Amino acid sequence: MAAFLLGETKTEMKNLPRKERERLLQRREILDAALKLFSEKGYHNVSVHEIAKEAEFGIGTLYKFFANKEELYKALIMEVGEKFHFAFMQVLEQEQDPFQVIKRFIAKRQELFSENLPVMRLYFAETRGASFNVRAGLDRELIKLYDEGLAKLVSVFERGIKEGVFRALEPRHMALTLDGMINAFLYQIITDPVRSREEDGLSTATDIFFRGVLVK
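Residue numbers (the UniProt record's numbering): 1 to 216.
Source of the hints: derived by calculation from the structure; they are not laboratory data. Mixed in with the good hints, there may be bad ones.
[As the list claims (entries may be wrong)] Listed next, the in silico DSS-like pairs over lysine-lysine satisfying Cα-Cα at most 30 Å (straight line):
1) Lys64 <-> Lys74
2) Lys108 <-> Lys53
3) Lys162 <-> Lys152
4) Lys103 <-> Lys69
5) Lys74 <-> Lys36
6) Lys108 <-> Lys74
7) Lys53 <-> Lys36
8) Lys53 <-> Lys74
9) Lys162 <-> Lys74
10) Lys69 <-> Lys36
11) Lys108 <-> Lys83
12) Lys83 <-> Lys152
13) Lys103 <-> Lys53
14) Lys108 <-> Lys19
15) Lys53 <-> Lys19
16) Lys36 <-> Lys19
17) Lys103 <-> Lys41
18) Lys144 <-> Lys64
[What the hints assert, rightly or not] The following label-pair restraints were derived from C-beta to C-beta distances:
19) Gly180 <-> Glu115: 17 to 27 Å
20) Gly212 <-> Glu115: 22 to 32 Å
21) Leu117 <-> Glu82: 28 to 38 Å
22) Glu163 <-> Val194: 39 to 49 Å
23) Leu117 <-> Asp179: 28 to 38 Å
24) Asn45 <-> Asp97: 42 to 52 Å
25) Glu158 <-> Gln188: 38 to 48 Å
26) Gly180 <-> Glu82: 20 to 30 Å
27) Gln100 <-> Tyr63: 44 to 54 Å
28) Gly212 <-> Lys41: 21 to 31 Å
This structure is a prediction, so every number in the text was calculated from the model and none was measured. C-beta: ideal position from N, C-alpha, C; glycine also.
Using the sequences and the accompanying hints, generate a full structural model.
Set out below in structure tokens:
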């Protein structure tokens, strides 16, 4: 599993004081250990002591970064959510042919989802289970990122309509339809990965979507 430090490039990391670099690396190792155990055993079956042991730190080191397991889980999910948001916004803010921008957006969604399957499995498992309290403070933050991304997607469709690329449909409805379609097929990667690979349903669905929105 590839680790990443959100918001910190390798160059930025090198420019930080040694103690700060060590602190960030310790936090990263704790998050990676938590993700590994949550993915293997489920959130509710893992203790903070197990996470500290997996990361090869004392429990006191873990508590320097996270007050409890819920906070650790939220940090893990929020970190990935912000990573996704940053990548999507980079694609959607490109001032190029709207059709190509939407195609790249779909490809980026699929790419990031596939690269982060352990986190995606964990998130879907917990949000479908009895973990409402765990994510009570998280949903608002994720929804804010989602709304920002959706608004940017709507603006791409609006621009495409003005340029004569897309049909004069309601841009928000187009964005919501595309978003729901992508989510449905990405979720199949988790629930039925073999069938998902064999069918490549997202490509078919993308073709159907564009046939409906592109100016002929």
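Violations among the numbered hints, reported as their numbers in ascending order: 2, 4, 9, 13, 14, 17, 21, 23, 25 and 28
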